[in-house]
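Engineer: Chains as they are written, first to last, in my numbering: chain A, 689 to 1009; chain B, 2 to 330; chain C, 18 to 339; chain D, 5 to 503.
Distance condition first, Cα-Cα at most 25 Å in a straight line; then the derived BS3-like pairs of lysine-lysine: (1) C/K79 / C/K24; (2) C/K46 / C/K284; (3) A/K1004 / D/K278; (4) C/K284 / C/K79; (5) C/K115 / C/K328; (6) A/K1004 / D/K276.
Calculated from the structure, these hints are not laboratory results.
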Amino acid sequence: MPQSRNLLRVLTRRSEGPLLLCLLAVIGFFALASDTFLSVRNITNVLGQASLAMMAGIGVAIVFISGEVDVSCGSLLAAVAIPLIVVMNATNSLALGIAAALALGGVVGVVNGFLAAYLRINSLIVTLGTLFVLRGGVYLYTGQTAIPDDAGLESFFQLGNGRLAGVLPYPAVAALVLLLVFAYVMGHRPFGRHVFAAGGNPDVARLAGYDVPRIKFAGFVVSALLATCAGIMLASRLGSAVHVAGLGFEFQVVAAVVLGGVSLSGGVGSLFGMALGVLILSFLANGLGMLDLATEWQLVVTGAIIIAAVSFDEFKRRQKL
Amino acid sequence: MASSSQIQPQPGAGRIAAAMAGQPQAVLIVLLLLLCGAISLAAAQFYSLANIIAILRQSALVLIVAAGMTTLLIGGEVDLSVGASLAFTGCVAMDATNRSGSVPVGALAALAFAGAVGLFNGLVVTRLRVNSLIATIATMMILQGGVYLYTREAVQNQHHLAAFTGIGAGYLGAFPIPVLLAAAVFAAVYIALRHTLFGRYTYALGANPIAARLSGLRVRRLKLAGFVITGLLVGVTGLILCSLMNAGQPTAGRGFELTVIAAVILGGTSLAGGRGSLIGTLLGVLVLKVIDNGIIILRWNQDFQMVVPGVVIVAATWLDTVRVRRRAV
Amino acid sequence: RADEVPKHIGYVVNYATHEWYQNVIKGMKDHAKLLGIDVAVKDANLDVAKEVAGAEDFMSQKVDVLIITPVNEEGVVPLLRRAKAEGVPVVLEGNPVKGMTTMVAICDYDTGYFAGIEAGKYAQAHLGGVAKVMNVGLPLLSATVLRSYGFMDGIHTIIPGATLVHDLDGGGNPDRSLEVSSAALAQNGDIDIIYGINDSSSLGGLQAWKAAGKSQDNLLVVGTGGEGLAFINAMEKEPSYRIEAAMFPEKEGYTTIDAALALYNHKPVAEHIVSPTTPLVGDDWKKYYEVNGTTRSIKWDAVNALTPPAKCMKTAADLKKS
Amino acid sequence: MLSDPHSPALAMQGIGKQFPGVVALADVDLTLTGGQVHALIGENGAGKSTLIKILAGVYQKDSGSIRIGGVEAELRTPRDALRLGIKVVFQEIALIPEFTVAENIFLERHPVNRIGSIAWGKLRADAKALFDRLGFAVDPGARARDLPISTQQMVEIARALAHEARIVVMDEPTSSLTPKEVALLFTVIRRLKSLGIAVVYVSHKLDEIFEIADTVTVLRDGRHISTKPVAAHTQDSLIQDMIGRRIEFLFPRARGPARSDVLLSVRGLSTKDKLRDVSFEVRAGEVFGFFGLLGAGRTELAKAIVGFDPIRSGEIAIGGQPLRPHDTRTGVALGIGLLTEDRKTEGLMLEQSVQHNMSLAALGGFAVAGFVQEARERSAVQGFVDRLRVRTPGLDRPIRDLSGGNQQKVLLSRWLLRGLKVIVVDEPTRGIDVGAKSEIFALIDRLAGEGHAVVMMTSEMPELLGLSDRIAVMANGRITATMPRADATQEGLLSAAIA
Ligand SMILES: Nc1ncnc2c1ncn2[C@@H]1O[C@H](COP(=O)(O)OP(=O)(O)OP(=O)(O)O)[C@@H](O)[C@H]1O
Ligand SMILES: Nc1ncnc2c1ncn2[C@@H]1O[C@H](COP(=O)(O)OP(=O)(O)OP(=O)(O)O)[C@@H](O)[C@H]1O
Ligand SMILES: [Mg+2]
Ligand SMILES: [Mg+2]
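Just chain A, same shape as in the assembly:
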């Protein structure tokens, strides 16, 4: 059966198998250890909570795959909420608010992409710079306070806090849809393959006639827009533009993306792997919280499990060779 063999090859070739096992192990453990963990309500909660990192993670993974780095998402999360809330307060329109947020996100993506892809400045430096500049800009603009949502639109509240059919939080729905769309793009559209090629071997990609800077540029724009989506969802969950939102978010996302098997050197990785990485960390945080473990223990245990998960993954991969 060539079909099933292909499937088998896809499953064993990608690194998602061990990650899936890890996720199941985490879920299984907490299901046994805590009686409140395995409820529909809790699982959907976690999916909602994971959705921010998931959305931003898609973009970060794409940038990583294209052979660049994007660590600006933490500050972007806070920054895009400002035009969103300010415009909404002024116009009472959610659509205009979202448009304003996407505009800012787009501009940041364009700047990141222009500096990194066209001026060829190291992308870690560029996005680290953006991370600092945006955060400082948010503080300067807001004078270090949050900007409340005075419009009080119900649709805005529902965006981050409502649930589809009363079950699945909208942010989770959005993250899932985006994940599927981009998994399709990365796996089955020429653009996705161009991204993989640009990261896998930029010289070859160039010789094959690709406009490598443009591909990388597009990656940065997509990444910023996806982080903007996460920022909009977060703003709805917070009902305001909070200047300290997303501090350290970039660490969470990068950790999840790398845990998900996306290579830092480009050309390797899958969005499903990234999603599994996000879910492992989210379920871990939720489960440890359910066990009523003190923060310090939560940190220690999470750290240890990350090391265990990655070395297990590594070990499995080596065995296959």
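Let chain A serve as the given structure and place chains B, C and D with the ligands on it in line with the hints.
Structural biologist: Just chains B, C and D with the ligands now, with coordinates in the frame of chain A:
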């Protein structure tokens, strides 16, 4: 050769510019001079002795760890746990000094602890083969949690040994002790990177690990050494910071790793391994610390302490790529 | 009729590893234990998204009362709405939020204000009536901004000519406070009072003073919080560290449980339940705390004897107006 | 586009190109005619690849003009060249390591279905059809990075033929192909000729030139030396044009017979993947050659005996000492080292200087108490640069700037500098010009003469026959025959390799 006559060095500024173009750290040197000049013009206090010492002392803290980080990055690895380790080390140092009443014991404890953290990172990376970025994020979490398991609050100075205070605030002749320590570390790591087998092997390791292995290098041990050295240097810094704060502060060191890495990459060290220089790192540290200091001296809104370095890092790196390209064409 | 006692209380704290909140939690748990209540704590670790997640988790665990210390006061408005929809009563700690039922908090402005008055008196007696202040502040939080304002306003009541020489952002961290204070002192070292919005800030400022090689003879350091052993240690050993604006976190935690109990029983509660603070000068701290090795214990009688004001002189809302 | 049918397919005129410190090309002409194979030859660093890269839009020419089909062409990016129907097989293998063979083949243009999704089925089928047409046996679903370098090279060639082209350029396409694949390639080239396509063919293997080319252009030091029909050349005249002197013996032999002491002994060696029960001995003063077809397991054997790849069973002894623990450090310490076949990923430190690249393995010898004595290092490196005639603007130049052949000389010198008992060379002359080749052969001969043992894996039958004392043939991870050189014939070797 028609083209060479066109780029005849012009007298004066042109010649200096041409000379600078050949100098790898040209952009940073110019930037540093410009910054210092501009800030001094606007606020004369900038070049007061007190301020220079304050800048140097702050730079020393970053530089010592950055020296280790430079070595690690050249070898193709990274350590994000240095900030968390810094805080923990301070607590251990103060606690050990309290218990033993001896500064050497406290210092040894600091080095032993931080060195052990480095060893742990190194073993996880070389033996379990976990990517160092994620391994050290994990270590960072473990240390952040661990320090609160170790002590609920700041470890107070109960020994009141003058020698301990001297590590951070003391002078040897005209020079603050942390600055001397940083100078010594700088010199040692500089020589190690440039003139010893260790340094040359580290560059090779980062540039092509397979070639390094085929040439019979002890790849794992080299990497391990990089982590341990970084760990030990965190120990030195932890000790200094603990002495300066006169307490072991579990909340210290937040974001320290970002400052260190920003300085190292500003200095031109490549993240891909195999390339970098300690002189660049020194300049990177100075630029960042002068900006930080200058904003306070100029009485600007301190929020600019994030914005300005962000812009400067990007701009300096851009100018440097332009410089390299111009020379190459 | 005896109160009904809730079984489970969930507390989402903004920064559990901080000493202040360690003691808030301690006060809560001690009080709850006597009443037979189980208090579970989730830490937002200064992350607004984690804060929402923690509260969400508690609601799905069906806690009887939710206590929240907001990382940012604006960021929990939707959360209050969701809790109301689920019928979970919420007690806020620390900061007021639009649409809240009740909040337990100290008065930050008042705390700074009364410490300022004491500082003014001290300056009159020991510093020749001159007050040149370096504020090691934290603009990030309205509470800490209020403290700094209160302090300056308080000092002005005694010394009208008092000046604010440096207004710094020390990030609330000891190492950052040390760093910015060093630079500020190099720019202009002519100050005689260091005010810190928490103990880490004041101690960071003091360490910068010492590292610059200055004598503590004509210096006054004023800390805020009294959250751990650090201030006691400093008051014992540093000649300049004379005043502490104590805020009694244990008492705050204790009061929060009382408020939760009242809400659970649908009793009327004040919108703002003020938890007491007081400036401690010199050896005053011994009235309220006892130190045993490396642990301190609160003297409840003395703390309970303090009468908090019914209303704060200024709140975050006043900040926005100006 | 208007093109004059009588004008040449390509006319490059007066092409000049400078790199800092190097004039790579000065006033070079190249004219191609459709349906003809035009060979481009010259020493390492003569400028062949540079000329090709200008044609491919990778580098920009400093001066000169390019006309394609009589029309002035602007070649600013590789895309421009592709659009004008110029397909290039580059010297350095250029595949995306994580992609499948099929996907690499259609990198330029993925076949898509109606909604613009990639038609994976069609992609695989097209690749398969292409391979069938060309007669290459490669699994289109295999990942490029898992393939041995020779297969990668064939994929690379297939890639250039996947789409329509007017001009096909091949920069040393056979540098790691076995005779069978070379024959296959020539069949393909002849087919291209019959389709009226102009072919540029770069190679250091002169017999190939005589077999396939119609016209030969010789470059030396970046200058155009001659363009003649191949029939007007003899081997000697070609070499004379290339290096400006004659080579007396391509395979010089100054050494005496092998000695009796065994320097390398391999007993019953098996690995997890490929090798099965491999045993052989190499004596001091002996050159021991390995022949095999693509994928026979020679590279794997080479990596296993120096301690790089793990082994499952068997004994390896160097100079009588067992290679235990089985790692490269022990190997190098006992005196065995490997010159790998994949220069770029397994040998070079591209950004580092010639000096640092060359001294890597020997560095310990230049150190006193851990400090490198750079003066000694430098003079030793300079010695080898002179002896091997490495063309480099300076010892401090990044090795990235050297031509492929010169890079290879530096890597070989890495081991010569170290001084080994046993040196294992895997395709040592890959991409090396005749002059350098004869120097390297002389070196190998001298090494053996000095009492070293040399193990040589090569797909070049003449080299094997010219240089080895004994030859082993591998097939499917086993040694199927071992014979002294005197008994070896091309036919004998091939039949043992197919067994
Ligand atoms: N990117 C570059 N930067 C600087 N110098 C270069 C660069 N590329 C090539 N050169 C130099 O240009 C000259 C011609 O190199 P080229 O690669 O064209 O030689 P080649 O004829 O292809 O040699 P080989 O047979 O070894 O492949 C060499 O001296 C080389 O060192
Ligand atoms: N990096 C690799 N990963 C997986 N398999 C490999 C790798 N390299 C080689 N192989 C497989 O091992 C087998 C032996 O290959 P090897 O390169 O040792 O053969 P060889 O005789 O040296 O052939 P060549 O002429 O191609 O160098 C081949 O079938 C190949 O598919
Ligand atoms: Mg070439
Ligand atoms: Mg081979």
